[in-house]
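Chemist: Spelled out from the first residue to the last, the chains are:
Protein chains: 4
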Amino acid sequence: MSHNTFGHLFRVTTFGESHGPAIGCVVDGCPPGLALTAADIQGFLDKRKPGQSRFTTQRREPDEVKIMSGVFEDERSGGQRTTGTPIMLMIENVDQRSKDYSDIRDKYRPGHADYTYDAKYGIRDYRGGGRSSARETASRVAGGAVARKVISGVSVRGALVQIGPHRIDRKNWDWAEVDNNPFFCPDAKAAQLWEGYLDSVRKAGSSCGAVIEVTASGVPAGWGAPIYGKLDAELASAMMSINAVKGVEVGDGFASAALSGEENADQIRMRHGKPEFTSNHAGGILGGISSGQDIVVRFAVKPTSSILTPRQTVTKSGEDSDIITKGRHDPCVGIRAVPVGEAMMAIVLADQFLRHRGQVG
Amino acid sequence: MSHNTFGHLFRVTTFGESHGPAIGCVVDGCPPGLALTAADIQGFLDKRKPGQSRFTTQRREPDEVKIMSGVFEDERSGGQRTTGTPIMLMIENVDQRSKDYSDIRDKYRPGHADYTYDAKYGIRDYRGGGRSSARETASRVAGGAVARKVISGVSVRGALVQIGPHRIDRKNWDWAEVDNNPFFCPDAKAAQLWEGYLDSVRKAGSSCGAVIEVTASGVPAGWGAPIYGKLDAELASAMMSINAVKGVEVGDGFASAALSGEENADQIRMRHGKPEFTSNHAGGILGGISSGQDIVVRFAVKPTSSILTPRQTVTKSGEDSDIITKGRHDPCVGIRAVPVGEAMMAIVLADQFLRHRGQVG
Amino acid sequence: MSHNTFGHLFRVTTFGESHGPAIGCVVDGCPPGLALTAADIQGFLDKRKPGQSRFTTQRREPDEVKIMSGVFEDERSGGQRTTGTPIMLMIENVDQRSKDYSDIRDKYRPGHADYTYDAKYGIRDYRGGGRSSARETASRVAGGAVARKVISGVSVRGALVQIGPHRIDRKNWDWAEVDNNPFFCPDAKAAQLWEGYLDSVRKAGSSCGAVIEVTASGVPAGWGAPIYGKLDAELASAMMSINAVKGVEVGDGFASAALSGEENADQIRMRHGKPEFTSNHAGGILGGISSGQDIVVRFAVKPTSSILTPRQTVTKSGEDSDIITKGRHDPCVGIRAVPVGEAMMAIVLADQFLRHRGQVG
Amino acid sequence: MSHNTFGHLFRVTTFGESHGPAIGCVVDGCPPGLALTAADIQGFLDKRKPGQSRFTTQRREPDEVKIMSGVFEDERSGGQRTTGTPIMLMIENVDQRSKDYSDIRDKYRPGHADYTYDAKYGIRDYRGGGRSSARETASRVAGGAVARKVISGVSVRGALVQIGPHRIDRKNWDWAEVDNNPFFCPDAKAAQLWEGYLDSVRKAGSSCGAVIEVTASGVPAGWGAPIYGKLDAELASAMMSINAVKGVEVGDGFASAALSGEENADQIRMRHGKPEFTSNHAGGILGGISSGQDIVVRFAVKPTSSILTPRQTVTKSGEDSDIITKGRHDPCVGIRAVPVGEAMMAIVLADQFLRHRGQVG
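Residue numbers (the numbering used here), protein chains in the order written: chain A, 1 to 361; chain B, 1 to 361; chain C, 1 to 361; chain D, 1 to 361.
Extracted from the complex, chain A is given alone in its bound form (with noise of 0.2 Å):
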């Protein structure tokens, strides 16, 4: 998890910058003979690609992604497969409109990386955010594509449980609504109120923020390790990493501070032969290892800090200043996020897996 590579066995490294000539990603440590072609990888870039609502930002990129080594079509072997070596996968920046910067060159907008970036390095690529900018979680989505073949048993899905101060209603959850609204909504009713309540947040230039559920169904149990390569450390580490993250929890999370002993402990029955657990208090994690039950983890997205109100800042050059951040932004980056939580879920799985593989066989 060092810098810009994520995990150990099945390891990710990104690269790239908003509006450089490309971003992506070298997928390292993949098994071989899987089948493996751009457009497996495809389908999940498109659900993250900006613009397809009113509600994400309308930059326009096509974020096509070309696999650039790793995989080989062998005549007799069916199909392009994963041959073991780094996978490179590579998504062209098509739509970096060329615009004066210098607004942006030389001040820090608030909440944004500009000034930790420049006292970091001393130096930053401010065109789009350089590095900084979400954009980058495009590559995460393709190296998730990858890791997702390396876990073919386990079935990872995300959700948006909340935006702004709107949470859905559990009991209307429906994993089959979740592509039928632009929020990745599993509740139809609350899809409906949050699109009047996000175009009144669009519409005044301002924005929000929002909660996303990602659940791993199919984890058998003895995934993950104790201490520090806990499974739900490195979920923690792999969600926290997203962009505009600051917030991420197990199972009842902050909740379950509140419960008793009692209520927590999830019981254990045999059923059909084999230990079941009666509720999932845990989120299918126990002492950081997986139960069997399924996954489940949440993370808050801040709202967008770029908004269209005035916000007091400061120039590089020590001057108060004040700035307005326009452009085409996302009101809510959170459901956006939805894709990349799911990918980022894959990933630590994936590495996990192959990582319990080679412990125990």
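FYI, nobody ran anything at the bench for these hints, they're computed from the structure.
In silico DSS-like pairs for lysine-lysine, Cα to Cα no more than 30 Å straight-line: (1) C:Lys66 / A:Lys49; (2) A:Lys66 / C:Lys66; (3) D:Lys66 / B:Lys99; (4) B:Lys49 / B:Lys149; (5) C:Lys326 / D:Lys274; (6) B:Lys316 / D:Lys149; (7) C:Lys274 / D:Lys316; (8) B:Lys66 / D:Lys66.
Listed next, with one range per pair, are the computed distances between beta-carbon atoms: (9) A:Glu263 / B:Ser102: 22 to 30 Å; (10) B:Arg105 / C:Glu319: 55 to 63 Å; (11) B:Tyr197 / A:Asp169: 25 to 33 Å; (12) B:Asp95 / D:Arg54: 42 to 50 Å.
The structure presented is a predicted model; accordingly, all values stated were derived computationally and were not measured.
Cβ atoms here follow ideal geometry from the backbone N, Cα and C, with glycine treated the same way.
Since chain A is already given, all that's left is putting chains B, C and D on it; use the hints.
Modeler: Relative to the frame of chain A, chains B, C and D by itself:
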């Protein structure tokens, strides 16, 4: 962050089980020349030590640390100093009460790692929880004490801000109160109420959860790194790796989802010739890099799973059964998690500081 | 050093196959603010480029490098500079001659990695050796050019000191000669003899091995680290990882076994106010840490396995067979290993420099 | 391979100084369920133990190992077994003879790490060489004994093949002889001659070097990995990290440079239904991956730097001086390097085995 090692340049590897001969850690990568004696470490261990009030486990462990390597007192150096080589810290287990473990040997305690360890490894040191025991956190506290020496300009402090459903009143926050009550509670009034609450929990043989807040003051702008090495991502991993933790948040955390962009993004003004933020919703981290403000992290601890109420479970051989977890348990493990959270904060910061110095100078 | 990544703080991850669309690398952890253009890299690639004399493969690859990320030219910065984010370097494959690969698809070439790749992965990109092709070393040279910028006070130079059984006369050593002959040979007289020798090897359809010596001058005392992070251990790993390398030695290397303790240990005298060694049997490294003397490493390259003499082998389906390896091969891959060895030296030193700065400041 | 940790999945972290209270290691990532007692480890430590003949140091260290964690004897498991958690192995230092260290405190012993440690860290535990003492290799031997359990089908054996300028006659090679002489020499006749030679070296207060060969039989084809994780690259790093080692080679090593392609590349024939090589110039590794043949590695050890002849050196404060290194030293540290080389071979193979199993299954 692999299995039992935390960190990249400043690396803490822990070992040991609850009822083995000793626990401890190897701290690798520590800068040379730092004054370090066992007494420097012991004070922090004493904060975490069991049996200090009726609200923590009555196991009697002196938790006396020995420095086994990595320090040297040259007659010319004015006291014992780190040499830059691995510092092994060892804490002998003293109070391993001999008892009949057949119950937890054969049955999986709900909420514990018993089942998942068996599912993963097929073998389990069941005495006192073995490696999954919270006793392991003493090793972290020892490692954290060394980390504090590395970041000597930074002040790391923790406090309990919620126990069960009862939160502190932040208006009453007084760091000086933290050491005046058995809860590390910064709100004297709340601490008094908690005493009654926790007594009732304890007498009922039940347990409760808690929320801990850890703050680091004095971190300069520039520590941390994009993308997967983000300071907040590593803090999330660090805190989530502590026993029983189910959620982590930075700054406003989950609450930020409900804020507007205007409310959330911290504005900046020049003050005394340098940029200062007018608020700290971000918890001192922007784009994964410290901003110079206080780093603020909270984490939620679930209620202790060891309770006196009988719970449904299964045996190793696959039969339905019931279990009561007797023994000397903390009614709220969150209390002793305060010094552990501080230690993990210090370790993350020490590692990030060295990595920052490595890359940027 | 895991699979396709080399280094800890300065990390080079390479990707790409001989006959895929492109090869390249991601350089992570590079310090910010270094002047870096494609031209800075191209010069080193040109030294390694095929087809520059009749003694190297006639494959025609321009090996033109493109910097895809990690640099930025601010109008105020006086030229393009590194930003501290991942530098992706890409080299498109141009001369992938379409041909019938059925022979090497079905048969294992002796001395090649064909058999072991199949044994490991069960699938193999056989076109031009795929990932095991020496073409991968172009990525290392590109990464090494960036590394040189990081250690700008250090001069890294390589030379061929033996080809087949023919060694140079060290008394004739002249660094200026290295660029005057097609062998990177520092002994003009030897280079002349080698020409005739290698012509005869080439015409016989045979091949020969070589020994390369790489020197780094200007490394200050103190880089490197005990025990497993020793400078010489990492150099050994770096050089041995180059295609066809079978041995590595530092300083007097294997010859030191036959010396007495009196002959071997380099004595020290004060000169111009600082310690200087009166000899350099150690090759500039003591206890895994640089001593301030020249770092001297040699590595042996085995003869190219692709030869025109028929050799016994087996087919993938398990039948005895014979094989001739036609195509455009280097009669001595050791020649083009010189810039590769330089690159690996630079990468190891850049990484050790940053790690040293991280730990010690 | 960072500083004091070796390996990726099977990880050995060592600690301790020559004259501190103890040395040892933490073995992390070991598979669960392996039978392991202190006796399994002790046998290998005894081979390395000082004072076993007049040809090694007369320091009296019992080198008794204690297993401090990571094993458990369940009444049902039939003996003590690994649990998959960190195995801490500790060896107390017993014979730390108190003496006047002022000479080596103030002067740098030529050929030793005294000067470079001071240059790096500014502080140095000079008692017996501190961390740079070959005493650290006992920790490796202990870790190697655990590694052997992981690769139980593999036989790892080492032998001394050269002492000073005197090589064995390979025609006399007999593994059974290795334990019949104080040199681990497989050539009984050579061993006899060496006795006289080493006696004369010892009596002259001088020292000599050696070459060790380590072989692993029973490694299946497929272990290892391109590009930087090559089996030979990691063996090179492992062997070069041993104290006083100056060169490493695999198979024919440096001699392969003088061979022709026809001589060097090992041909293959089907035998008993599977591919077999007709020679082993490659030392069992092709493209960084094991071929199923014996893995053969050799490494050169320089002569012990501690000799009785006065040598020129400088003091810490910068004055020319002379030094004699008295004390209890091995006239040839290469002898006791044999079990250390075996241990490093076992550790590399155990780690590569687990990584292979992780990626490929």
